[in-house]
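In case you want the letters, here they are:
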Amino acid sequence: AQTVTQSQPEMSVQEAETVTLSCTYDTSESDYYLFWYKQPPSRQMILVIRQEAYKQQNATENRFSVNFQKAAKSFSLKISDSQLGDAAMYFCAYPIQGAQKLVFGQGTRLTINP
Amino acid sequence: KAGVTQTPRYLIKTRGQQVTLSCSPISGHRSVSWYQQTPGQGLQFLFEYFSETQRNKGNFPGRFSGRQFSNSRSEMNVSTLELGDSALYLCASSLYRGLDEKLFFGSGTQLSVL
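From first to last, the protein sequence lines stand for chains Y and F.
Under this note's numbering, residues 9 to 122 are what the first sequence spells out, in order.
Under this note's numbering, residues 318 to 431 are what the second sequence spells out, in order.
Because the hints were derived from the structure by calculation, they are not lab data.
Even for Gly, the Cβ is constructed at its ideal location relative to N, Cα and C.
So the derived label-pair ranges between C-beta atoms look like this:
id : chain 1 : residue 1 : chain 2 : residue 2 : range
1  : F       : Thr-370   : Y       : Ser-20    : 41 to 49 Å
2  : F       : Ser-396   : Y       : Ser-15    : 35 to 43 Å
3  : Y       : Ala-24    : F       : Gly-415   : 32 to 40 Å
4  : Y       : Gly-106   : F       : Gly-379   : 17 to 25 Å
With the hints as extra help, turn the sequences into a complete structure.
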């Protein structure tokens with residue numbers, strides 16, 4: 009069964025600095041997608057970034073980038089120039105083929121210190 | 318374009334009662350899925366509807382049910398409420414079904430069972 013693991017329940021970073029959130033997953037599929045979602049206090053899950061497994065190039069969205077290591081089944085999220093508005097729960101997610109279903113990690117609570 | 322709308326935002330019920338939660342997807346989106354979020358179990362998939370048909374169901378008892386209407390709006394129902402049903406219930410919509418489909422989430426309904 010596909011599983012997603014986030015080993016850091018909480019992380020904190022100084023404003024304007026860089027932080028990396030870790031995620032590992034388990035799958036037997038060769039082609040798949042991975043997502044990072046952000047859940048601020050408003051509770052609405054917001055897609056941060058998406059990576060397709062067959063693409064060698066790491067995805068980047070403005071200050072957000074990933075380090076995708078397919079062989080190691082690792083998918084970490086790097087946030088550069090952290091801003092106060094980045095404070096939220098971050099979830100790594102893996103979509104199950106044919107099921108339109110996401111398997112989520114347990115989440116990492118990110119605090120930004122001014 | 319309006320986002321995913323969930324009503325009500327908060328709900329308090331007592332054990333044994335039943336509850337109905339509503340989700341209006343983004344206009345044009347045909348797939349609606351539901352997730353339960355609790356501090357202990359994290360985010361768990363409940364079910365997914367596409368074109369008024371349930372396509373997938375998570376590992377939840379039969380007390381949890383749902384439906385989708387011809388306008389893609391969806392409802393989920395929980396009968397004979399238990400204390401453990403207290404959770405944030407999130408609805409997500411997407412245009413179609415596919416691994417790469419981005420899910421757009423609502424702000425959820427916070428259900429408290431007393």
